[in-house]
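Engineer: Take 18 as the starting number for the sequence shown in the numbering used here and just add one per residue.
If you are wondering where the hints come from, they were derived from the structure by calculation, not from laboratory data. Heads up, the beta-carbon is just placed ideally off N, CA and C, and yes, glycines get one too. Do not take every clue at face value.
For each label pair, taking beta carbons as the anchor points, the in silico distance ranges come out as [claimed, not checked]:
no.	residue 1	residue 2	range
1	E47	R72	35 to 45 Å
2	S45	S78	47 to 57 Å
3	R74	F41	44 to 54 Å
4	A42	R74	45 to 55 Å
5	S75	S45	38 to 48 Å
6	T23	R58	30 to 40 Å
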Amino acid sequence: MNIPNTMMMKANSRFGAMRSEAGFAIMSGEAVVAVAIVQLRLEHAADWVHLSRLRERSAQSAG
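Use the sequences and the hints to build the structure in full.
Structural biologist: Written as structure tokens, this is what we have:
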């Protein structure tokens, strides 16, 4: 079967668009995961700061 060049070009551009959309979905999914990780680390750091302040206060009141 002989496929005209225009049909091949359209098929290639369609498949390229699908690949780029899939890549965008993967990248946006990775961005969501990265934001969640940063948020968890910030919350963890805030907990440590809070605990260290509580320890300082209890040491001051005891001493």
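Engineer: T23 and R58, beta-carbon distance inside 30 to 40 Å?
Structural biologist: 52 Å, violated
Engineer: 45 to 55 Å was suggested as the range; check whether the CB atoms of A42 and R74 agree with it.
Structural biologist: 48 Å, holds
Engineer: Taking the CB of E47 and the CB of R72, does the distance hold inside 35 to 45 Å?
Structural biologist: 37 Å, holds
Engineer: Quick check: does the Cβ-Cβ distance between R74 and F41 fall within 44 to 54 Å?
Structural biologist: Because 49 Å falls inside the window, the suggested range holds.
Engineer: Just tell me: holds or violated, for the beta carbon distance of S45 and S78 against 47 to 57 Å?
Structural biologist: The hinted range 47 to 57 Å holds for S45 and S78, with Cβ atoms some 50 Å apart.
Engineer: Measuring from beta carbon to beta carbon, are S75 and S45 in 38 to 48 Å?
Structural biologist: 45 Å, holds
Taken one by one, the earlier hints fail for this structure only at number 6.
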